[in-house]
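K.L.:
For the record, the sequence lines run as chains A and B.
For reference, each letter of the first sequence is one residue, going 40 to 328 in my numbering.
For reference, each letter of the second sequence is one residue, going 17 to 418 in my numbering.
Check the hints yourself; a few may be wrong.
Here are the simulated DSSO-like cross-link-like pairs (lysine-lysine), alpha carbons at most 27 Å apart as the crow flies [stated by the list, open to error]: (1) B:K105 x B:K135; (2) B:K195 x B:K154; (3) A:K225 x A:K202; (4) B:K310 x B:K342; (5) A:K156 x B:K95; (6) A:K156 x B:K88; (7) B:K177 x B:K417; (8) B:K319 x B:K84; (9) B:K319 x A:K156; (10) B:K324 x A:K156; (11) B:K372 x B:K154; (12) B:K283 x A:K156; (13) B:K319 x B:K177; (14) B:K319 x B:K299; (15) B:K370 x B:K406.
Honestly, the hints are just simulated from the structure, not real lab data.
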Amino acid sequence: MSGAELAQIAVNAVLLSGILALVALGFSLVWGIMNIVNLTHGAFIVMGAYLTYGMHELWHVDPFLSVPVSMAVLFCFGFAIQRVLINQVIRAPLLATFLLTFGLEILIVNLLNFFFKADTRSVMTLYSGSGFTVGSVRVPYIRLGALGVSILLVLMLGAFLTKSRLGRAIRGTGMDIDAARLTGVKAPAIYALTFGIGAALAGAAGSLLSMVVPFDPNLGGGYTERAFVICVIGGLGNVVNVLIGAAVYAVVEVFVGSRVPALSGAVTFGMLVLLLIARPQGIAGKSAS
Amino acid sequence: MKRTLLAAAGLLLSAITALAADTIVFGAAISITGKTAKEGEYTRDGYQFAIDRINEMGGIKVGGKAYKVELKYYDDETKPERTAQLIEKLINEDKVNLILGPYGSSPTGTAAPICERYKIPMVEANGAAEAIFSKGYKYSFMILSPAKNYLRGVLDTILKKDPSAKTLAILGENEAFSKEVAQGAAEYAKERGMTVVYDELYPTNAQDVSALLTAIKGKNPDVILGSGHLQDSLLIVKQAKDLNVSPKAMGFSVGPSSPEFRANLGKASDYIYGATQWTEALKFEGDDPWKTPKAFGEAFRAKMPNYKIIPYQVAESAVAVIAYQKAIEKAGSIEPTKVRDALAALDMMTFYGKIKFDSRGVNIYKAMAAEQYHADGIKYTVWPFDVAEKGAMYPMPAWDKR
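Go ahead and model the full structure; you've got the sequences and the hints to work with.
P.N.:
In structure tokens:
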């Protein structure tokens, strides 16, 4: 392997990890705070992708500018779903939320299939495919932009969770719901807010992905899976863990992908299994006890 | 009173069976959702189009009696294990007469042993992996050219334009059909004196192939071939452009032939070659309701105006129904084993090409074709050379020089 190729692989990994971090961020938040493994996450991502696609096709909105719009729409959607549906089963065993979010995922994907057909879509802009070259390393503008947006959102979420009253209320509810209640936190509202933020982040990830990969209503499943692996690798608890998980995942996927691509799935999941045995709380996570 | 009621019920029952007996029902499990949802839609539309046409022409004639034909299908969600369950259900519960294949080699591979077990024939039009037919099945028939031939035409076209094209990189999806396509292309390239500098498989549902493309870029090949499905081809072109991986020619087994290829890539699809089982430019004179590729295309568009370009999956699926029609008429029976024997002996010309099966049940007698997108946004048949609509454009300019 030449130095130039190694450099390109490293850059690919960095660019990929940004977008993967954003994919996993909302998933990790919902899981960490509410103890819900949200299988609808992938469907939210696809909704974000379709929103961006729709705005680009209809009104020629630049895909990067549509990110806030899909975040807002998905926030409202997620908030409503949590209030109306998930709150009903949040105290039930894990299986109930599992089934509910699984069912929702199927429902959303089938509705998207119905309205948008199974046609593969891509968002193509004038700058799609262009980029700049440093030495022999190629950096596509869109991927760089996606990385920038991801970093911005990760930082904003981190700041929100640690600095703002509402953010602290969210974290407090995640740590000890009874104690949080005693201090006057309204748990159902906090849960809905958390779920809304999770959905909004998924929407942002979908908007960015729509520029990077061709998609159809079935895109989401694979990303729910990736988000899950990243959360397990990094560990739950805070934003940094997600970044670590995404970085490790991206390095493995890109590196193995360039040498023995047929094995990249086996290697990632093999790593997951080993990690669960050796360090079940994740690379950076704190153990539960 | 009771007796009359019973008699009436009996009458009604026999009326229903009589009605059912006048209809031949084809069962199919097709990917209406999932990864190959679009291709599944083409498959269904092809089946339905041929079935409607046969009914318009009075149905299938068996010993002086005309049978209406009907399609009963379920969505297999692009999950091969689901396909197997559905085929079993179609045979056992729905009591369909005959089976039409699913979309894709993996689902076809799981459907074949079920048909074998129940001794119900399956004519399949969308599973080109020969591995399915190496197991000695007697009831499965492949209407299309096998996977290993897919990219030959593309290589022939490139090598005619530039005999000095020497190096080839292949990236393929890690599943039965695409693997055979890749192997076939590599073998043929070596036969023609090329060197395969990169040959790797990526996982099904890959969302990122930039790692493979980076490795390929390091080898600087003259030609890059991809063997996967539509979404993979789109992803490879997009990311090749992102990373400025610019070979002299680029071709794919599946993808360019669908209208969505251009719709998704726009100008980026210029210069790209695609393998295809069939195009409207081919010249055949067939013994079927449409006779020529051109007439088939026109008739299909008239009925389904949302199709501007007709993907080959539509044609091959339609011709599978025609093969059944011919075989049933020849057998003079709708008995599955007799239809099977008639299929095995079938030798006919159609708008789609020759239909004849070797001892395994593979139609090795039909050739592929190759197409290329030109700058006017239209894809032209560039191979076989004798029916080519236009000469190939070569070489492909570098992405950053366009």
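K.L.:
Please go over all the hints and tell whether each is borne out by the structure.
P.N.:
Hints and how they fare:
1. A threshold of 27 Å between alpha carbons decides the hint, and for B:K105 with B:K135 the separation of about 15 Å falls inside it, so the pair holds.
2. Distance restraint check for B:K195 and B:K154: the Cα-Cα separation of roughly 24 Å lies within the 27 Å cut-off, and the hinted pair is therefore satisfied.
3. Restraint check: the Cα-Cα separation between A:K225 and A:K202 comes to about 19 Å, which is no more than 27 Å; the hinted pair holds.
4. The suggested pairing of B:K310 with B:K342 holds, with an alpha-carbon distance near 21 Å, which does not exceed 27 Å.
5. Pair hint A:K156 plus B:K95 holds up; C-alpha atoms about 19 Å apart against a cutoff of 27 Å.
6. Simply put, A:K156 and B:K88 have alpha-carbon atoms about 21 Å apart, close enough for the 27 Å limit, and the pair holds.
7. Between B:K177 and B:K417 the alpha-carbon distance is near 21 Å, which keeps this suggested pair within the 27 Å criterion.
8. As the CA atoms of B:K319 and B:K84 are separated by approximately 20 Å, the hinted pair is consistent with the 27 Å bound.
9. Proposed proximity of B:K319 and A:K156 is supported: the alpha carbons are some 19 Å apart, at most 27 Å.
10. For the hint pairing B:K324 with A:K156, the CA-to-CA distance comes to about 17 Å; that is within 27 Å, so the pair holds.
11. Between the alpha carbons of B:K372 and B:K154 the distance comes to roughly 15 Å, so the proposed pair stays at or under 27 Å and holds.
12. For the hint linking B:K283 to A:K156, the alpha-carbon distance of about 24 Å falls within 27 Å, and the restraint holds.
13. Distance hint between B:K319 and B:K177 is unfulfilled; the C-alpha atoms sit about 39 Å from each other, more than 27 Å.
14. As the CA atoms of B:K319 and B:K299 are separated by approximately 22 Å, the hinted pair is consistent with the 27 Å bound.
15. In summary, the hint linking B:K370 to B:K406 is supported, as the alpha carbons are separated by about 24 Å, within the 27 Å threshold.
The structure shown violates just one earlier hint, number 13.
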